[in-house]
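Protein chains: 2
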Amino acid sequence: MRAVTIVEGELLWNEHPDPVPGPGQVVVAVAAAGINGADMLQRKGFYPAPPGSPADIPGLEFSGTVLANGDGAVRFATGDRVMAICGGGGQAEQVVVPESHLLPVPDGVDLVHAGGFPEAFSTAQDALFTQADLSEGHSVLISGAAGGVGTAAVQLAAVAGARVVATVRNPDHHEAVRTLGADVVALPDAVAEHGPYDVSLELVGAPGVEAVLPHLTTGARIVVIGVGAGAKAQVNLLAVMGARATIGGSTLRARSTEEKAGVAWLVEARAVRLFGEGAVKVPVADTFPMADATAAYERFAAGGKLGKVVLVTG
Amino acid sequence: MRAVTIVEGELLWNEHPDPVPGPGQVVVAVAAAGINGADMLQRKGFYPAPPGSPADIPGLEFSGTVLANGDGAVRFATGDRVMAICGGGGQAEQVVVPESHLLPVPDGVDLVHAGGFPEAFSTAQDALFTQADLSEGHSVLISGAAGGVGTAAVQLAAVAGARVVATVRNPDHHEAVRTLGADVVALPDAVAEHGPYDVSLELVGAPGVEAVLPHLTTGARIVVIGVGAGAKAQVNLLAVMGARATIGGSTLRARSTEEKAGVAWLVEARAVRLFGEGAVKVPVADTFPMADATAAYERFAAGGKLGKVVLVTG
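So the sequences go chain by chain: W and Y. The first sequence maps to residues 394 to 707 in my numbering. The second sequence maps to residues 394 to 707 in my numbering.
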């Protein structure tokens, strides 16, 4: 098979041995694979793939059809449409993952959009509901809402009945993010005007954490998912104590196989169901053939886009 | 009645009207009242008393005997030994509080030690168990463990079966804190050697938060209760995300009457029970008559003590 391959910082489209499914694993013929911020870091030599994932093939998510089941993998038949997050290796013609990480692609959803679903929606659902305990009636701030995780989070929070305040740097995307369900879409410097917030999903980094701290309700939760604008935050602990707030954060990638299976189970029950009902969608900013990964990564890194950049095979 | 009274930063022993119990309230004849860091702040004009508490009488905790019940207050009889946290006004001959905030003083415990119990043990129990979900087998760091909350936390955590690492600046108190149940007592700069930590109870402030961040287990909780050494922490959000940690904090004083009743209910079931069994105790560093509050506050502010400074009446 061929795969996007990181060779000294360049993205090549190289031959690799076909993956072989071990016990409980499934090989998927990849149709599409979304690009994520972590791919940019991995290309530069930061954020290496976890043990068990290919070191030189990027890609944290994919969609496709089942090619082969390993011993004991019985849920899906050959040809079934599936999608998943993976520790790496998604940007290839084939990928092998534990069966427990696979999500069914709902009928009526095409594989290109499905290829941009797993990472953004798993991250957003885990952060909003598992970590931050968001529920109806809460006020939630989503900072940097035009990207993959942001657009997923706006939709999931709106469907859950929260009041969604989204910050988006590019005014051209404000109307589109409003259409996804945000009650308020504002520039990042307007955080103070639209609070206070029960939950803050921070996709930008340190400046966002510092900005929201004075505008929290009692018991508020800040969950940090992205630090593109800086990781070193100046935190006033008296503000944290005064609000009885918590500042937390997480990545999916570092979690164990078992934990990822648990996340997939929760995501199938909520976000995948909503995806099948048409209640949430994957905004796709652009698609590129896998062989053109270099151009696709440039498009991703340029920013200012709405939603996902997705690589496609064949 | 007479009460410690803040007049332009001075502590006088002045006459005030006797408090009258409203519905559901109880007037207590105070026997003893512990001093807390918040009293120092209130004396300087910071940290004003919450609505409903006397503005000029300090004191966040007390012990004593019931003098009078208001309408509907039926749990305690006149003369019963009780203790409680209060929004202020504890350092007086009489104080009035909601019945729901009162804790019974266990048989065999004297009122002087009981006067130093409520604030430290309620704060420590709420932080360790309600906020940080400490349980047996966890490793907990208690930073600044020689003070009132610290000595309470060391004991509660040790009784709960946690591995307790305590930092204490004054080497003279290391042996005493070990006797309270700490597995390790170290100087503050030795935090790295004894980790990683599932829970960090931060009683010192920003330097402690910064020191413990690289030494957390997955899913660790930092709970900030004191900021005497600084409130502005430089927080590496990548470290928070990497550990899937949370940084939180709280004060008891700002909570509603109903929330304080909930805390009292939990404290009676755990810390008060242990107090009665002799499994935890209140180390008292020094006692002073209420009329000598100025000297007592100086003793408190000088630091370097083990346990509580307690004011006593007549």
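Hints are computed from structural coordinates only; laboratory data are not their basis. Please note that a few of the clues may not be correct.
Claimed, not checked - EDC-like mimics (lysine to aspartate or glutamate), calculated; alpha carbons at most 20 Å apart, straight line:
(1) Lys-625/W - Glu-603/Y
(2) Lys-437/W - Asp-685/W
(3) Lys-674/Y - Glu-603/Y
(4) Lys-625/Y - Glu-603/W
Cross-check of the supplied hints:
1. About 11 Å separates the Cα atoms of Lys-625/W and Glu-603/Y, which keeps this hinted pair within 20 Å; it holds.
2. In summary, the hint linking Lys-437/W to Asp-685/W is supported, as the alpha carbons are separated by about 18 Å, within the 20 Å threshold.
3. For the hint linking Lys-674/Y to Glu-603/Y, the alpha-carbon distance of about 31 Å lies beyond 20 Å, and the restraint is violated.
4. With a CA separation close to 11 Å, the supplied pair Lys-625/Y and Glu-603/W stays within the 20 Å bound.
Against the hints set out earlier in the document, a violation occurs for number 3 only.
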